[in-house]
Amino acid sequence: MDFIEYIELVFTDYTLRTITLGTAILGAVCGMLGSFAVLRKQSLLGDAISHAALPGIAIAFLITGAKDSNTLLLGALVSGLIGTFWIRGIVTKTHLKSDTALGLILSLFFGFGMLLLTFIQKQPNANQAGLDKYLFGQAATLVESDVWMMAIVTGICLIVMLTFWKEFKILLFDSDYTKTLGLNTKTIDILITSFIVLAIVLGLQTVGVVLMSAMLLAPAAAARQWTNSLAVMVFLAAIFGAFSGVVGTAISASQNNLSTGPVIVLVAAVFVVFSFIFSPSRGLLFKQIRFIKNRRDLELHKTLAFMHNIAETHEDISHPHAIRLLNNFQGYTKSSLQKLVDKDYVQINGNMWSLTETGFDIAANLYNKQTTEDE
Amino acid sequence: MSSAQLEIQLIASLVAVACAIPGTFLVLRKMAMISDAISHSILPGIVIGFFITNDLNSPLLILLAALTGIITVILVEYIQKTGLVKEDTAIGLVFPALFSIGVIMIAKNANDVHLDVDAVLLGELAFAPFDRLVIGGTDVGPKSFWIVGTILLITVTLLFTFFKELKVSTFDKGLAASLGFSPAIMHYGLMSVSSVTTVGAFDAVGAILVVALMIAPAAAAYLLTKDLKKMLGLAIGFGTFSAIFGYWVAHWLDASIAGSITTVLGLVFLMVYLFAPTKGIIAVLYRERQQRTEVSLLTFLLHLKNHDEESERHVKHLNEHINWQKVRSKSVLDLAQKNNMILIENNIVSLTQKGDEFTSKAIDYIITNEDTQIEDMKDDFFLFRG
Chain S
29 MDFIEYIELV
39 FTDYTLRTIT
49 LGTAILGAVC
59 GMLGSFAVLR
69 KQSLLGDAIS
79 HAALPGIAIA
89 FLITGAKDSN
99 TLLLGALVSG
109 LIGTFWIRGI
119 VTKTHLKSDT
129 ALGLILSLFF
139 GFGMLLLTFI
149 QKQPNANQAG
159 LDKYLFGQAA
169 TLVESDVWMM
179 AIVTGICLIV
189 MLTFWKEFKI
199 LLFDSDYTKT
209 LGLNTKTIDI
219 LITSFIVLAI
229 VLGLQTVGVV
239 LMSAMLLAPA
249 AAARQWTNSL
259 AVMVFLAAIF
269 GAFSGVVGTA
279 ISASQNNLST
289 GPVIVLVAAV
299 FVVFSFIFSP
309 SRGLLFKQIR
319 FIKNRRDLEL
329 HKTLAFMHNI
339 AETHEDISHP
349 HAIRLLNNFQ
359 GYTKSSLQKL
369 VDKDYVQING
379 NMWSLTETGF
389 DIAANLYNKQ
399 TTEDE
Chain W
5 MSSAQLEIQL
15 IASLVAVACA
25 IPGTFLVLRK
35 MAMISDAISH
45 SILPGIVIGF
55 FITNDLNSPL
65 LILLAALTGI
75 ITVILVEYIQ
85 KTGLVKEDTA
95 IGLVFPALFS
105 IGVIMIAKNA
115 NDVHLDVDAV
125 LLGELAFAPF
135 DRLVIGGTDV
145 GPKSFWIVGT
155 ILLITVTLLF
165 TFFKELKVST
175 FDKGLAASLG
185 FSPAIMHYGL
195 MSVSSVTTVG
205 AFDAVGAILV
215 VALMIAPAAA
225 AYLLTKDLKK
235 MLGLAIGFGT
245 FSAIFGYWVA
255 HWLDASIAGS
265 ITTVLGLVFL
275 MVYLFAPTKG
285 IIAVLYRERQ
295 QRTEVSLLTF
305 LLHLKNHDEE
315 SERHVKHLNE
325 HINWQKVRSK
335 SVLDLAQKNN
345 MILIENNIVS
355 LTQKGDEFTS
365 KAIDYIITNE
375 DTQIEDMKDD
385 FFLFRG
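Residue numbers (my numbering), protein chains in the order written: chain S, 29 to 403; chain W, 5 to 390.
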């Protein structure tokens with residue numbers, strides 16, 4: 029299947045359209061809420077909650093006996109929230125650290141969920157098959173009503189986020205100040221956390237337990253590299269998330285035997301790697317380039333200062349000296365010398381160099397004027 | 005009890021002990037989530053090993069998987085060092101990506117062979133006794149028994165050899181470095197042991213149980229003691245108990261063994277979390293309440309000292325003017341009276357000499373804020389000790 033054919037299919041094929049829309053919306057809402065998780069240093073919360081949701085799904089099934097996805101997601105939501113608040117309880121009331129609390133809740137809830145699932149499988153009820161799709165996720169099982177559900181939840185998230193934007197923002201960056209303003213930090217906190225749990229639960233069906241945390245983190249981590257503004261970051265993360273969803277679905281649809289979840293995660297990971305390397309202000313590439321440039325400047329200045337030291341000992345500052353003199357000096361290279369000539373700091377006559385007036389002035393003021401001189 | 009049952013319990017206990025030892029150090033070093041990351045990210049290692057050897061039982065699989073685990077740790081550290089994201093985000097980015105690669109490799113290439121994500125991730129202890137190790141025609145026991153046993157033996161040997169080094173580098177990296185043992189070597193050593201243990205145990209019991217067995221016993225033990233040796237012992241005890249008891253729960257419910265062992269671990273942790281003598285949630289809540297009453301008492305005594313007029317010292321005044329609830333003001337009054345700090349005559353409260361002295365000292369303490377003052381006070385006036 030080539031690309032154009034695929035685009036046509038997205039508009040004509042019901043299943044593909046549903047899945048593409050679903051993953052796009054999921055990616056967007058995850059990116060949006062993930063930004064808050066990343067900035068609040070709750071990155072692994074997603075991983076813990078997505079595992080903690082499993083027993084809820086199983087219990088919801090045990091109680092209702094039905095496989096209605098909304099009921100199961102409600103169960104997931106409840107147990108995800110219980111897990112979250114237990115994590116908080118462990119962190120605030122004991123000396124166990126957050127990583128231990130996360131790991132604990134994650135593994136214990138998930139193990140309990142597995143126990144329930146195997147217990148359910150032994151039940152004489154033909155209806156139980158398919159519960160384990162929540163473990164690894166199956167985008168293909170998305171139907172239109174699921175997508176509507178996602179869209180509605182995303183809409184609510186968006187409205188709440190815009191309404192409480194200021195409060196969210198201030199809580200993120202200065203929670204003490206938030207308290208002094210008289211805002212109820214607990215309520216805002218619970219609101220954010222509940223939305224994060226909600227987003228995770230929504231994603232379970234599509235990408236599964238293990239990969240859900242990446243859906244939450246990757247777009248946000250990528251977006252973080254491009255901006256220092258929260259609004260831009262949330263917006264970018266939503267875009268990255270939606271793109272990962274669409275591109276991931278497209279790739280997995282164009283090949284056989286390629287599950288959607290992992291592909292979406294890998295596409296999101298590509299976004300992250302790209303952002304890590306190429307973002308202009310924080311990226312590794314430009315950082316390295318800046319580093320090299322700074323080092324060259326420093327070497328140039330070092331050479332100039334060294335020359336200045338030599339020239340100072342003579343009455344005539346433009347007195348020529350042998351290039352040989354520089355040979356033992358570490359900052360000196362042929363090209364750095366040439367650069368000094370280009371800048372008209374130094375003149376070269378055969379094997380001799382001499383400082384010009386400007387060169388001498390610059391060198392004399394190198395250390396006290398460094399900051400303003402720096403270009 | 006059949007021999008298969010015995011073998012399962014034996015393997016489960018060995019896994020529990022093998023996990024509890026590195027788990028204790030992971031919990032102490034605040035790296036518990038690394039075990040979760042490793043347990044997922046070793047998938048591509050297993051898959052590549054499987055493609056090379058076409059044999060799920062080849063030792064190469066374990067080797068490659070353990071290597072992937074170490075690569076995960078290195079990658080996480082590298083990303084963290086770039087300063088672009090925080091450590092937890094780095095973990096959260098690395099392991100799903102590696103896991104995804106593993107899942108895709110399985111989906112693309114292993115359709116016609118027996119390799120299933122569920123099987124790899126969930127594990128099934130019940131099948132362990134069927135996979136025998138046969139040497140020279142004699143059956144010497146289940147294969148996972150030997151794998152886990154070897155890993156446990158190595159772990160225990162390393163633990164005894166490097167106990168001091170591990171201890172120092174866990175609690176004080178700077179001191180360890182200045183004493184001449186490299187914290188980096190200890191770190192990577194621990195990571196390697198964790199990685200190998202995860203892989204070995206994972207083969208027998210599945211990924212999630214490995215994480216649970218590493219973190220839960222250590223966390224429960226940490227709530228009970230601060231002594232490293234005791235903590236190790238308790239963690240091993242909790243792990244083994246849960247392994248054996250969990251097996252019988254599974255037997256009784258006819259459900260997944262890994263799931264029920266985890267559930268028992270969860271219950272053990274919950275019990276400790278609730279009832280641990282000083283760190284448990286009930287003890288903490290009780291202490292917090294005591295402290296609140298203690299502070300209220302002090303506030304009340306200061307109030308009495310500052311007010312001579314009778315209207316301010318009426319018993320009812322407490323909940324009318326200071327806005328305390330009835331029960332609370334009564335408990336404060338009772339406490340003060342019991343400690344001979346106040347006298348109540350005709351519903352008018354006044355400080356006794358002792359109360360007066362105490363309050364003066366308390367004011368001194370509040371003004372100077374020196375710890376020595378409060379130490380004196382503790383000796384002179386017990387609040388909840390007497």
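Hints are not guaranteed to be accurate.
Claimed, not checked - Listed below are the simulated DSS-like cross-link pairs for lysine-lysine, each with C-alpha atoms no more than 27 Å apart in a straight line:
{"no.": "1", "chain 1": "W", "residue 1": "K330", "chain 2": "S", "residue 2": "K69"}
{"no.": "2", "chain 1": "W", "residue 1": "K330", "chain 2": "S", "residue 2": "K125"}
{"no.": "3", "chain 1": "S", "residue 1": "K125", "chain 2": "W", "residue 2": "K283"}
{"no.": "4", "chain 1": "S", "residue 1": "K125", "chain 2": "W", "residue 2": "K309"}
{"no.": "5", "chain 1": "S", "residue 1": "K197", "chain 2": "S", "residue 2": "K214"}
{"no.": "6", "chain 1": "W", "residue 1": "K283", "chain 2": "S", "residue 2": "K197"}
Claimed, not checked - Listing some non-contacts, in silico: residues in chain S with all C-beta distances to chain W over 10 Å:
{"no.": "7", "residue": "Y34"}
{"no.": "8", "residue": "D41"}
{"no.": "9", "residue": "I118"}
{"no.": "10", "residue": "G141"}
{"no.": "11", "residue": "L353"}
In case anyone wonders, no lab produced these hints; they're calculated from the structure. Where a beta carbon is used, it is the ideal one built from N, C-alpha and C, also for glycine.
- [ ] Compare the structure with the hints numbered earlier in the document and write down the numbers of the violated ones, lowest to highest.
- [x] Hint check: 1, 2, 4, 6, 9 and 10 fail, others pass.
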